[in-house]
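Chains B and C, in that order, are what the protein sequence lines are. Per UniProt numbering, the very first residue in the first sequence carries number 1; after that it's consecutive. Per UniProt numbering, the very first residue in the second sequence carries number 1; after that it's consecutive.
The hints are simulated quantities; they were obtained by calculation from the structure and are not laboratory data. Some hints could be false.
Said to hold, decoys possible - Partner residues aside, some chain B positions facing chain C, computed with beta carbon under 10 Å: (1) 163; (2) 188; (3) 361; (4) 365; (5) 548; (6) 549.
Stated by the list, open to error - Quick list of simulated restraints, FRET-style, between CB atoms: (7) 425(B) <-> 3(C): 43 to 51 Å; (8) 543(C) <-> 49(B): 25 to 33 Å; (9) 406(C) <-> 45(B): 41 to 49 Å; (10) 100(B) <-> 147(C): 12 to 20 Å; (11) 213(B) <-> 389(C): 55 to 63 Å; (12) 149(C) <-> 49(B): 30 to 38 Å; (13) 43(B) <-> 148(C): 49 to 57 Å; (14) 27(B) <-> 48(C): 48 to 56 Å; (15) 45(B) <-> 12(C): 23 to 31 Å; (16) 401(C) <-> 45(B): 37 to 45 Å; (17) 12(C) <-> 17(B): 49 to 57 Å; (18) 149(B) <-> 3(C): 24 to 32 Å; (19) 147(C) <-> 471(B): 50 to 58 Å.
Just so you know, even glycine gets a beta-carbon here, dropped at the ideal spot from N, CA and C.
2 protein chains.
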Amino acid sequence: MTTDLAIAQRATLRPIADVAATLGLGSDDIIPYGHHKAKLAPHVTGERDGKLILVTAISPTPAGEGKTTTTIGLADALRTVGADAMACLREPSLGPCFGVKGGATGGGYAQVLPMEDINLHFTGDFHAITSAHNLLSAMIDNHLHWGNAVGLDVGRIAWRRVLDMNDRALRDIVVGLGGRKNGVTREAGFDITVASEVMAILCLATGVEDLKARLSRIVVGERADGTLVRAADIDASGAMTALLAEAIRPNIVQTLEGTPVFIHGGPFANIAHGCNSVIATNAALRLADYVVTEAGFGADLGAEKFFNIKCRKAGLVPSAAVVVATVRALKMHGGVPRGELGSENVAAVRAGAANLLRHVENVQRFGVPVTVAINRFTADTEAELAAVAEAVSGLGVKAILCEHWAKGGEGAADLAREVLRLTESEGQFHFTYPDALPLWDKIEAVAKSIYRAGEVAAAPGVRAKLDAWEAAGFGELPVCMAKTQSSFSADPTRLGAPENFTLPIRDVRLSAGAGFVVALTGELMTMPGLPRHPAAERIDVVDGRIEGLF
Amino acid sequence: MTTDLAIAQRATLRPIADVAATLGLGSDDIIPYGHHKAKLAPHVTGERDGKLILVTAISPTPAGEGKTTTTIGLADALRTVGADAMACLREPSLGPCFGVKGGATGGGYAQVLPMEDINLHFTGDFHAITSAHNLLSAMIDNHLHWGNAVGLDVGRIAWRRVLDMNDRALRDIVVGLGGRKNGVTREAGFDITVASEVMAILCLATGVEDLKARLSRIVVGERADGTLVRAADIDASGAMTALLAEAIRPNIVQTLEGTPVFIHGGPFANIAHGCNSVIATNAALRLADYVVTEAGFGADLGAEKFFNIKCRKAGLVPSAAVVVATVRALKMHGGVPRGELGSENVAAVRAGAANLLRHVENVQRFGVPVTVAINRFTADTEAELAAVAEAVSGLGVKAILCEHWAKGGEGAADLAREVLRLTESEGQFHFTYPDALPLWDKIEAVAKSIYRAGEVAAAPGVRAKLDAWEAAGFGELPVCMAKTQSSFSADPTRLGAPENFTLPIRDVRLSAGAGFVVALTGELMTMPGLPRHPAAERIDVVDGRIEGLF
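Same shape as in the complex, but just chain B (with noise of 0.2 Å):
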């Protein structure tokens, strides 16, 4: 079998600002980074009043539904007839790069290049907001050494440390041993990069002035009197927004038939709102008439902040979604072990689709116009696939067959046009909830409204938060779920359309900066570790070429 790094490294490449001239840029318009990436420069002011199509999937099982992949074939598929399109995809993370799950620049013929870059360090926006992120942790520990003149209480420092790699030792650390002289002694740890509080408001920021100010408003922790400390008292917004000057701005890059592609930010879909960046998001929609972008994990999650916090904060307005599901991956939710995913199985297929019909019923109460893409794999059978076809059509929806990782563009052409058709239609988006819900109402909202819950448990505090941060003028923020991605419940074994479940509160967390409460329904791994045989292992440099990368 091919991989996708021999397709990716077998592909000519055009130069950048060949694919930047498409969105009708010039050379003074980007700032390059080698010969096939570039930065775009920040007085670049388009004139289009682009359509925006997201692609969102059903609930991820280890099957795959290749959400990435397809968000890149509809871009390309879209142009194959005859649409001026683009997509917005988020930056991979180094760390999962050399663990398992290899690299994110999608798969088979619907790839961006270059493929070794983006998945390495790229024009190093995750570095940025590394050094950006660690500076505050620094200057923290500094103020402490020196006195703690805003008296931070020691025991409630919020604010840890990242790194852009799995590292499980880091998760819970003592630091400032070794005496006196090496600050002071206390509990911290480390974060994976893309979990930083500076990955989302990188993200949701539109500007440098707003950068600034969100970085300003970051909570760093609290004073023993229950005030908060934010990092424009420890001094340290101005620093941390000369490091990310570049890193605000989207990098252009193209996929493997040359369509122009922003690959910016990359925040968790967990403990942040998993999307590419508000500035590439605007952006693209001034450069190109229809703008295909992906959010995080399932449409419970992903689709949901997407609508609920990025469009919202950004004034954006969806004009189509996608679903994506696999035949595969409907068999596993319903009912199926791993193992035996390649017999047909026609029963299980219908079992499965309620995952898909409850997210495609999600989107529509939104009021976004919604398609499935039923990203085919070589051993779906025809009565696998007219079962899927036929749940869904109940919805009013079309699921369409799609070819893009064996046939480029050509492959989703079907798909391109019905996402066209769609994106004519009158929407009537709108949001879950109000501004002015109060925080608890809001997560009871999402959790009733999306999940399906019969009941929302708060744990001991939560409410106290909530009503603490409401009396300190959070009210308005939205709410950011931190769920597990396999289920809609907070159970992930719990596959297909769970309902009439107690989804619990465990705790919540204000990210003041980003501009969202989180709120957490399970453990949160925020670092993850490697596996006993990481991909690091087998990647490698040979006569000059990186080897081993997937």
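Following the hints, put chain C in place on chain B, whose structure we already have.
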């Protein structure tokens, strides 16, 4: 007073392709990073056979010497007098930028540009080094977590983690807390990225294959039986090489006067050798007739390691050296406190010149033609300047007044002419010791011949370690002395030219990947802290411009 940043921001930069064209490079020979930075493409092989000029200095004092500024000024001056010259510098570290020191891109009218970029993320080399270093760290702890098949002794792990940040709280930490799922609990710590052996390796490697081989040889710790465990045993070196594949290419920028400069790599000058990369120096010597470079700290450390480590390993033969001094600094070596440097004191200059003479004589011992550059300050008097000239004339050396800080290349034209004259003479370059000398004898050779120690005293265990490494095949390595930069002795308060002191060797470390044995003469600071009011507090972005960097 006009700040360095203001001068830098007022400058009109040439497009980097034009700067590269000065070196005979076409647009395909460089990889642009923005419009004013680039990396050298891997295929470039120049035709020249350039002469290498080292800029070194007296023992540093708080009064300042201006070694980087003189390196830049001399390169500009050589072009001013018609020579085809360029400079090779080290990359600045981000950490000190936010601490006390500010940036490291020269000053006044002898600067490299773009100043903000070079001082902040530049082309991402240090971030790549941080990632490669920490990938190995994560793989070590992951290896312990999954059963420790290679049998690493948890108490004898030498490999730490790094961040490009001044963060004292990370010097001594405990990792792997919070239960078995978070790995093995053990003592660990972070160094600043410039202290990473990966940095030293990148700077001594001759190409990608050599880089990978060196990375695989890194000793990460020992087994209980004392045998060494290497990065190759953890299968990390291939992925580390992939992370460094771009970082290994030299970066091209320009001076205020448009002179091409390679800025590449920046290892510590104590536990490492303190010079820019061999790859950059080699490339420069093929692209220009005269290459001006610098080495860290004073000549006892910087020049000694440049000659005995870098030149030895890379087969370089320096054609001339410049020892930079200031009248102010010589007065401090002559016993004048910092607050009284403003008034004339010819006797103190004469006394302090002993430090300068010692360094000049040391350079002569390597058989390298040498001159002295007096980096002029406005308060210097004619009598003081004459005293310096008189002092060095006994060694057959000129002391040349330089005003590049105020006047750019024109201000160092006399120095350029003297350097050109020196490079015409037949040098007799040789090392302080041969490869075959036992490790301890190499340490003694440097201590006695360069530092003028009367005696060298090994702490318990030091000799046994050296013997064991010789038995293991490391006897041919050069030694890398980690000593205070403030004195020829290990006591930073002994300025001037002390002699017949006892030099203590407290510990030795094996940098098997970089290829040297480190001898520690005192407490070593490998992770700086921030001051009470770090420079970061004053750094800001206002109207899209970075302020407060200097």
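We went through each hint and held it up to the structure:
no., hint, verdict
1, 163, "6 Å, holds"
2, 188, "8 Å, holds"
3, 361, "37 Å, violated"
4, 365, "38 Å, violated"
5, 548, "7 Å, holds"
6, 549, "7 Å, holds"
7, 425(B) <-> 3(C): 43 to 51 Å, "59 Å, violated"
8, 543(C) <-> 49(B): 25 to 33 Å, "29 Å, holds"
9, 406(C) <-> 45(B): 41 to 49 Å, "42 Å, holds"
10, 100(B) <-> 147(C): 12 to 20 Å, "18 Å, holds"
11, 213(B) <-> 389(C): 55 to 63 Å, "57 Å, holds"
12, 149(C) <-> 49(B): 30 to 38 Å, "60 Å, violated"
13, 43(B) <-> 148(C): 49 to 57 Å, "55 Å, holds"
14, 27(B) <-> 48(C): 48 to 56 Å, "31 Å, violated"
15, 45(B) <-> 12(C): 23 to 31 Å, "25 Å, holds"
16, 401(C) <-> 45(B): 37 to 45 Å, "53 Å, violated"
17, 12(C) <-> 17(B): 49 to 57 Å, "23 Å, violated"
18, 149(B) <-> 3(C): 24 to 32 Å, "28 Å, holds"
19, 147(C) <-> 471(B): 50 to 58 Å, "51 Å, holds"
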